[in-house]
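Residue numbers (the numbering used here), protein chains in the order written: chain Y, 801 to 1424; chain A, 801 to 1424; chain L, 4 to 342; chain V, 4 to 342.
Certain hints may be false.
As the list claims (entries may be wrong) - Lysine-lysine pairs mimicking DSS-like chemistry, simulated, CA-CA at most 27 angstroms apart:
{"id": "1", "chain 1": "Y", "residue 1": "Lys997", "chain 2": "V", "residue 2": "Lys148"}
{"id": "2", "chain 1": "A", "residue 1": "Lys917", "chain 2": "A", "residue 2": "Lys927"}
{"id": "3", "chain 1": "V", "residue 1": "Lys222", "chain 2": "Y", "residue 2": "Lys962"}
It is worth saying that the hints were derived from the structure and are not from the lab.
The residues making up each chain are set out below.
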Amino acid sequence: MTVSAAPRPHIDLQNAVVRFAGDSGDGMQLTGTEFTREAALYGNDLATFPDYPAEIRAPAGTTAGVSGYQIQFAAHEVYSAGDQPDTLVAMNPAALKVHLPDLKRGGLLILNEATFKQSDLDRAGWKTNPLTDGTLENYQVIKVDFEHLVGKAVEGAGVSAKDASRCKNFYALGLVFWIYSRDIEREEQAIRERFKKSPPLAEANVRAFKAGYNYGETIEALDAPYSIQPARLKPGKYRNVTGNSALALGLIAAAQKAGLRLFYGSYPITPASDILHELSKYRRFQLTTFQAEDEIAAISAAIGASFAGALGITGSSGPGIALKTEAMGLALMTELPLVIINVQRGGPSTGLPTKTEQSDLFQAVYGRNGECPIPVLAARSPADCFETAYEACRIAIDCRTPVIVLSDGSLANGSEPWLLPDVNSLPKIEPDFATDPAGFMPYKRDEKLARPWAIPGTPGLEHRIGGLEKDALTGNISYDAHNHEKMVRTRAEKVRRIADRLDPTEPFFDPEGEVLVIGWGGTYGSITQAVIEARQGGLKVGHVHLRHVFPLPNDLTDVATRYRTVLVPELNMGQLRLHIRGQLGLESVGLNKIQGKPFHVAEIRSTIESLARRKHLPAEQEIA
Amino acid sequence: MTVSAAPRPHIDLQNAVVRFAGDSGDGMQLTGTEFTREAALYGNDLATFPDYPAEIRAPAGTTAGVSGYQIQFAAHEVYSAGDQPDTLVAMNPAALKVHLPDLKRGGLLILNEATFKQSDLDRAGWKTNPLTDGTLENYQVIKVDFEHLVGKAVEGAGVSAKDASRCKNFYALGLVFWIYSRDIEREEQAIRERFKKSPPLAEANVRAFKAGYNYGETIEALDAPYSIQPARLKPGKYRNVTGNSALALGLIAAAQKAGLRLFYGSYPITPASDILHELSKYRRFQLTTFQAEDEIAAISAAIGASFAGALGITGSSGPGIALKTEAMGLALMTELPLVIINVQRGGPSTGLPTKTEQSDLFQAVYGRNGECPIPVLAARSPADCFETAYEACRIAIDCRTPVIVLSDGSLANGSEPWLLPDVNSLPKIEPDFATDPAGFMPYKRDEKLARPWAIPGTPGLEHRIGGLEKDALTGNISYDAHNHEKMVRTRAEKVRRIADRLDPTEPFFDPEGEVLVIGWGGTYGSITQAVIEARQGGLKVGHVHLRHVFPLPNDLTDVATRYRTVLVPELNMGQLRLHIRGQLGLESVGLNKIQGKPFHVAEIRSTIESLARRKHLPAEQEIA
Amino acid sequence: MSAPLVKLTKKDFVSDQEVRWCPGCADFAILAGVQKLMPELGIAREKTVFISGIGCASRFPYYMNTYGFHGIHGRAPAIATGLKMANPDLTVWVVTGDGDGLSIGGNHLIHALRRNVDLKILLFDNRIYGLTKGQASPTSELGKKTKSSPFGTVDRPFNPLTLALGAGATFVARTTANDMPHMSSVLKRAAAHKGAAFVEIWQNCVVFNDGAFDEWSEKDVRDERLLKLEHGKPLMYGKSKDKGLRIGGGFTLEMGAADGAVVHDESRDNLSLALALAALEPPWPQVMGVLRAVDLPTVDQLAREQEREAEKATRGPATLEALLQSGDTWDVTAGAGDA
Amino acid sequence: MSAPLVKLTKKDFVSDQEVRWCPGCADFAILAGVQKLMPELGIAREKTVFISGIGCASRFPYYMNTYGFHGIHGRAPAIATGLKMANPDLTVWVVTGDGDGLSIGGNHLIHALRRNVDLKILLFDNRIYGLTKGQASPTSELGKKTKSSPFGTVDRPFNPLTLALGAGATFVARTTANDMPHMSSVLKRAAAHKGAAFVEIWQNCVVFNDGAFDEWSEKDVRDERLLKLEHGKPLMYGKSKDKGLRIGGGFTLEMGAADGAVVHDESRDNLSLALALAALEPPWPQVMGVLRAVDLPTVDQLAREQEREAEKATRGPATLEALLQSGDTWDVTAGAGDA
Ligand SMILES: Cc1ncc(C[n+]2csc(CCOP(=O)(O)OP(=O)(O)O)c2C)c(N)n1
Ligand SMILES: Cc1ncc(C[n+]2csc(CCOP(=O)(O)OP(=O)(O)O)c2C)c(N)n1
Ligand code: SF4
Ligand code: SF4
Ligand SMILES: [Mg+2]
Ligand SMILES: [Mg+2]
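Just need the whole structure built from these sequences, with the hints factored in.
Pasting the structure below:
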């Protein structure tokens, strides 16, 4: 892969963390996404973390309206979007206010100089001007007069002044491309493709982008350009995916492999809506998307679709999942396949809709009336959303059961390179519809304790199901006391047996030692990186990341006893920790953060280190 | 209190268990209730257990349509409705089929002879005639030709043949009155009062009742009449109450003591509907009942009412509670008083709507999105519903928090004598509305961490609340990371502190010993009786019955360590057991029954005994 | 897979389940009517699905020897929408009550109607909650004393017909369980309608609301108090069809003699006539029959058409491989791998 | 407790919160209109409450310096019902969006309307989901391409006006955020109505559905395409009021010349005129203004009256003691106690 030559010698780096930040209207999400795509195509490994406000567009120039996008890209494997940026692009004083505290000491700071007028500063809540009051003295500051430079660059492209000003983000992108020696030709094509409906806009953006790139040359005081070689990833074909799009693809893959129509019933909600948007594009794959009137209708329709013989799926986030809990009970009782996706966000209630959190585990495992055991799977990275979704569909169909998938806001919007799976080697999924009237009994079970899936349209199998307790064989309504006990225990056992079919738990890194870190969901990257770093310091540390949150792996306690202590870092108040103690009696120390943000690697690493040193183990570890 | 003289000498008993069973249309619930009232007025202690089908009236004569009502009444304190009836009234073969297995060996069986025709037997599923095939040989059988005898008795009362036949149940009641030497004059008055709108009907029922009573005399082969002296209960004024009516009274009492309007928003559902019916009668107490369009509207309206400064309450059963979980999060975020009542029934889904179960504990404690801690209280007996409801309201108002009350079907419909509390000695409840604009901050907290309750109509305190995360002081929307962590922890701490204010846990019976039985909810009676019996066998047993399911008492683990083992009997798969292990690390053995029915005393007693004998403790104890 | 076309009879649609309604309940009549109708439709048992919510009425599917789903309270229209969209070949009936369909399930109902999902929706209206033993429902008359309203309700009731029309329903009708021929003809019309067909059926609950419809069912008065609609015929009623509804001043209806009565037209796009009729309250006659029947594309049909167009518009093969590999991809070559 | 009666101004109703809508959003105009209206109503700030659900529109309460409650998605009418029934002295406004009010919250809306709760309900209709970034709403036109319907929607939209009328609303009106004088007059009428007042407000979302109402807002065409209703005045429109709606054959409306036009009557009990007008679709003019305004008792009022009657009817004192001791009681005398 060629990189366009730059006159100055490159400085080779192993990795870098870049954050783009600006007003909601400044196009920072787009800028970040473009940079990410180029890094991916170049062959870096990477991880991203977009972070935007709950309002569509909060008042310009205020801290409430700041939108950010962070990427870590590297010549080696990357597990998280990074704790502290090496380079921060701040398009206005509000963005600087919000993000400066995170910038690495000595880091590169690119500022939009023209926006530091007194009124701007006031709006952002700066008491004095950071450009002049010494605030920035520990950083390499690049002040750019974007308005002026962009204006000049796009002169003659045939766009209005307003549109010209909107090209700022591509100017900034160009500059960062120069700093990290990225391929500008590929990006130029991408820009032209994106704006193909308006050639003048395309032209203007390309000019701004190139001007930004060239501007890099002119900055003397800079160490850059840097270069970061492609990572030596596992061979194969790659694609950069966000969690939500990988999840959508996983669902389609499962339906296609099973030969079923995919029915996705959903009601929009941040951060789950993109799954609906994504799936809606693929109508050609025997795929029905149904934007229901609410979440209850969405899950009910999915149940109806499953009854009809489709793969019924529904997705939402915490508040919407709350509304679905009654119908989940119906799916459990009728023992139909159903997948329920929860892309978690900050709670409780409406909470922090655009922030990430892991606080819906209790709801997923315990949040229903009656004895209502439903398997719960959690995805650990954007690309892993594919596999988790696929596996959830497989279990749902195999066992005729609702299955919950937990994702979260950081996975949903974050992205990483994804090694495309070989379609033929995906596990088989066989819906195995009942067709034979001889001896047909709606609730006669197979060895997985699954009942037959007998769909309308099949002659001779007419039968009735519903949410009242049912006879263990005929499925007719039964109020019999012992039948009820039997059915409750059978439904529990059906789910329990899923654990019997799991692969043995093999911790990453050390198979025994001082600390076992047990995680689930989106903390995977930060934990992995933290364990790597702790082990570099000589500690023996293992890491188990649970895909199966319920039922838990049978051997988890056994594995845990091989370590002196167990640490459970979570973006909640300790839900998995209570869950494994309640289910398994497994004691652990919690590391809990509830700030709507992922862990910093350092927070976990230092906790591992201090635990390894401690004689007496605390119950919860404060974040240093 | 005088008992009308009976010619034969009475046999003194300490207690008796009587069950009335018949078709849904036979009026068995009424018969049972009448007998219960009389026993209460006579001064017996008692406990009752009504059990009826989910259909209004299933096909006549089938086992599906059988409705039963059991009472235990005694000359001593009574804790449960009894395991096995001493006397069974079976108004048709179906009732016999369903209930005969429970009748005590040698027990008294009163049968409606005329209903044992072949077609009746077929409909009830008897292969041969139990009257003649030896099935009944171990019982004292009294065959009564009700149709004929009742017909004769009411001749001339001026009612139709159909209405005459409907008097059967009072004939049966009369007979049982004779058997247990009850006061027929008081009952005669009661019947006349009940049918006061139709004097002929009143007359007919009175005649049937008296004829039944007199019929007793004529039965030679009987040990009866029995007599059971009044129980020596704590002195005071008593009243017989069902759990639902006690609960309704508890709510009214709390609102009255607090000087607040009571607003009850609800949507009908078995077995919670009677709370709505009951409250609807008391419109004169500044009380609004609102039958909402669904459960979501019911809780939302209650939240709106609390915002307005009323005591907002909502009630339902499992499936309806599921629908309320989203709005519970809103109540938590807005920190308004709210009481949510769940009268549990058999689950999951629609489950067994008229049967009892304790399987919504998980839902109550863990069933919401986000970190959403809500105190959970459980009532232990019909009369205790009053106190529990009162306490829940007090906490809700004191702490500005939603509070969940768990009752269940057996408590709701069951009844017992209730020692009326002295209204003046009920704990104070002070809503303490904010009125002073000086320094007013919507989220500034007091020492209980409660925020001010500033209601619309108060000048100068205008403010806005909602479900988004809010600033720790102003209550304005805040997306700040550290503010969120602070608020999540503060909300948790507010609830946790409730435990600090609880009385120390003092186990009933032995303060240390072999077994501590920890229970919650409607199992109180069976556990108490079982412990009494186990102790009579020489075992040292304690009993803790948790009113506060969440937060748990701080000293529970300490108390538990004073016993060799802890037994947790539950009408579910072990939800409290998992909860105390998860929350406290407290290990216990579970005794679990999921049959839609209360425990038999014997099931718990034998488990206590076998646990006391065992060396190695099992995880779950099978019911023998 | 499809069953041999033997001629079915009513009996073929009777399931083996014991019917658990109270003796005398009007639900029995509706059940009989529907079971009788089924063979006339010529649709195989296995292609027929009954979906319900919760309530006495909602036990209906158990008694039909077809596929059936006894859902949760209020959600039948949503379950049915999913079923129908997943398999448009099925004939889908929804059975609901006045509480199930208009109280908790009101939103799903109006959305199914606006979407024009091809469902036959039967609302058994007994103006009471039966299964939960006698609370007021959204069709209970203002001031009605029930278990939940011992002093009388304070909520004005819905008119199910105006609600359905206001929601944009393409087929709206009313009938009563105690007029079997009328009910049969209306059910048949509903079955024939392609789209969401809404039928309110007056149904007497003998236990909790006995006599709710007596005002309109007693022999001597019913002809005077009910107006049976017929498409293309004037709006006439009365024992000897001597009365009619005519146009009054300023866009109103007027009671008067039969001649000059407005001619009923079910197929009008404009809602005004249907609505005027639906909204009539005593002393006006209550209308019975089909108020509106217009043909519009159904959502299940539109969705499938869109799917076929999407398939046609696809460039390249619609395989899973192609899908996964779409977008920007890159290769990492062997040998360089370190993972 | 009640505030001194000083004359308030618009400013008094502006809260200290930063308004977080997109520049150019029509929500700003509605906010300004409502803030301007408030002092004209002569109701104290503390007696005024704004309740909303979730959506861009639903941020509204934060910007009003009154009591306010930003509820959960779709539930504002239910929250408001509880509030109003608990304290009928308050003036309660509900602000909702087309998604909030007609999709997830449709049921609460129609029930609030049928109950005639004394609420002023403003539905900000931008025919799109704003806050969640551009999905179709129940008022999006059939075939509309949105994020959730890249091939166009397949669901027919609701007509909010016919829906409200069908639900029995006692006050139904429409206005648009880009005609401040009209909007002000309609809001004022809504405020004056005793009962549930439903107002649909056309509101342009500049980001996700810009131009949705251009067809009716551009200067040169709007008079031809909008018919402004006035009570007691004939149904006329057109720049020079030369066109009118008249009665056609068989109970229909007809476009024609102004004279002979039907006279608008908001106060009719009969729904037909209001509905005929509400249901008009292009090429017919769209109506603006008050379609229906009838006086009927409100549920909050009826409930309080019932309460007063219950109090009057009480035999003996309505004390807590008396309540607890009602029913059959008995005494256990001291000395015999063993517990
Ligand atoms: C979520 C939920 N809420 C409440 C109930 C209780 N419930 C069952 S049926 C019913 C109403 C029945 O009335 P209707 O729909 O009119 O049917 P009917 O029994 O009169 O035929 C109610 C409230 C329930 N099963 N589920
Ligand atoms: C239970 C629940 N479901 C979904 C959402 C996500 N959500 C927030 S606002 C909204 C729709 C907003 O549309 P509309 O009501 O038209 O308001 P607008 O933003 O257009 O003003 C949705 C789906 C939510 N917050 N809660
Ligand atoms: S309660 Fe009423 S509706 Fe229900 S089965 Fe009985 S009569 Fe029919
Ligand atoms: S997204 Fe649309 S409705 Fe929402 S604030 Fe922006 S312009 Fe207004
Ligand atoms: Mg009903
Ligand atoms: Mg909208």
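Outcome of the hint check:
no.: 1; hint: Lys997/Y <-> Lys148/V; verdict: holds (17 angstroms)
no.: 2; hint: Lys917/A <-> Lys927/A; verdict: holds (12 angstroms)
no.: 3; hint: Lys222/V <-> Lys962/Y; verdict: holds (26 angstroms)
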